[in-house]
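Student: Whole structure, please, built from the sequences with the hints as guidance.
Residue numbers (my numbering), protein chains in the order written: chain R, 1 to 124; chain C, 1001 to 1243.
Because the hints were derived from the structure by calculation, they are not lab data.
Worth double-checking, as some hints may not be accurate.
To be verified - Under the rule of at most 30 angstroms between Cα atoms (straight-line distance), these lysine-lysine pairs were calculated in the DSSO-like manner:
#	chain 1	residue 1	chain 2	residue 2
1	R	Lys2	R	Lys117
2	R	Lys86	C	Lys1042
3	R	Lys29	R	Lys75
4	R	Lys29	R	Lys2
5	R	Lys117	R	Lys86
6	C	Lys1083	R	Lys75
7	C	Lys1192	R	Lys65
8	R	Lys29	C	Lys1213
9	R	Lys29	R	Lys17
10	C	Lys1083	C	Lys1213
11	R	Lys75	R	Lys17
12	R	Lys72	R	Lys2
13	C	Lys1192	C	Lys1213
14	R	Lys17	R	Lys86
15	C	Lys1192	R	Lys17
16	C	Lys1083	R	Lys86
17	R	Lys29	R	Lys65
18	R	Lys117	R	Lys72
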Amino acid sequence: MKILVVDDFATMRRIIKNLLRDLGFTNTKEADDGNSGLPMLQAGNFDFLITDWNMPGMTGLDLLKAVRSDPKLSKLPVLMVTAESKRDQIIEAAQAGVNGYVVKPFTAGTLEEKINKIFERVEA
Amino acid sequence: MPVTEQMNNSERLELARALVDQLEDGNEQEATRILSELASSKDRGLFQEVGRLTRELHDSIEGFLVDSRIPEMAEHEIPDAGKRLNYVISMTEQSANATLNAVEASLPLADELGARAGILARDWRCLQEREVSAEEFQSLSSELSGFLLMAGDYSGQLHGRLSEVLMAQDFQDLTGQVIRQVIALIQDLEEKLVQLVCISGFGGQEQKPDRTKLEGPVISGLDQGDVVDGQDDVDQLLSSLGF
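Tutor: Here it is as structure tokens:
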């Protein structure tokens, strides 16, 4: 299981990577926004994408849209982990094809639950 | 000052020579006329300059009045910035407390593990050197099994505490986003203040909130539009959308 974590704050990337390691996912890579993340996704056989929304350069929503419109990546499960909490935004992300949405600040339990839920659905 | 509107140097020199000529000839009337012509050329330039400055001032006041950012900043963004910075204080405080609590809970566990391991190591050495009785062996054996259970339990507890420390670092991302917003506001404000050096007063139309603007974390007491109340609310919203 290869996972890409995209967030402009290095501390948040480290937190998510550590939580993933606790959950048994050790093969993780990092990017600091969509512009650097998208080429990594296109090049590197990732199984899962966890992305923030608000990032300089390319936002997480634009990254999600780019993933969904790329035939090679369109089925990639995407979990958004973001501080953006407006109903309109969550609906927008859902319409763009996000698989899960976690609002910051979050707990380790919430992240685990959402990841498991996404994998259950992907495997079903 | 526009040169074309003014008398040029050679014209002035010509008039000055004429003035000297007229004075030498004792022609008072003509000399006075030339003098006033010289003086009025200077006044004309001054009046034109005052006129130009007045027009510019008028234009900048007009521009300032229609800039709807000013009332928006005064009524909402500056009070909001205060709340945002208070959010930074409370997030960093929470994080510091969570970290300190976890550290304070972890240190005694580490100390006890170390102390009991020390005692066991000493007893174990005696055993290796065959200096123990049957009873002492019994007691060492039960101590050892007790210690092994404790080590398992404590390492689980320590892992939990360290995870709490890890999670407590999320403040850096959230407060960083908020501080960036406040910095952007201050830069904006600085620009407006520079304009205010010349002009004062404001008006203009109400600005509609930008729906596409990214708000960052939910800050209590701040009107950020229709926001969700925590992860449960997000889950409910998504399940209503068929997730």
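Student: Could you check the structure against the hints above and give me the numbers of any it violates, in ascending order?
Tutor: Violated hints: 2, 6, 7 and 15; rest satisfied.
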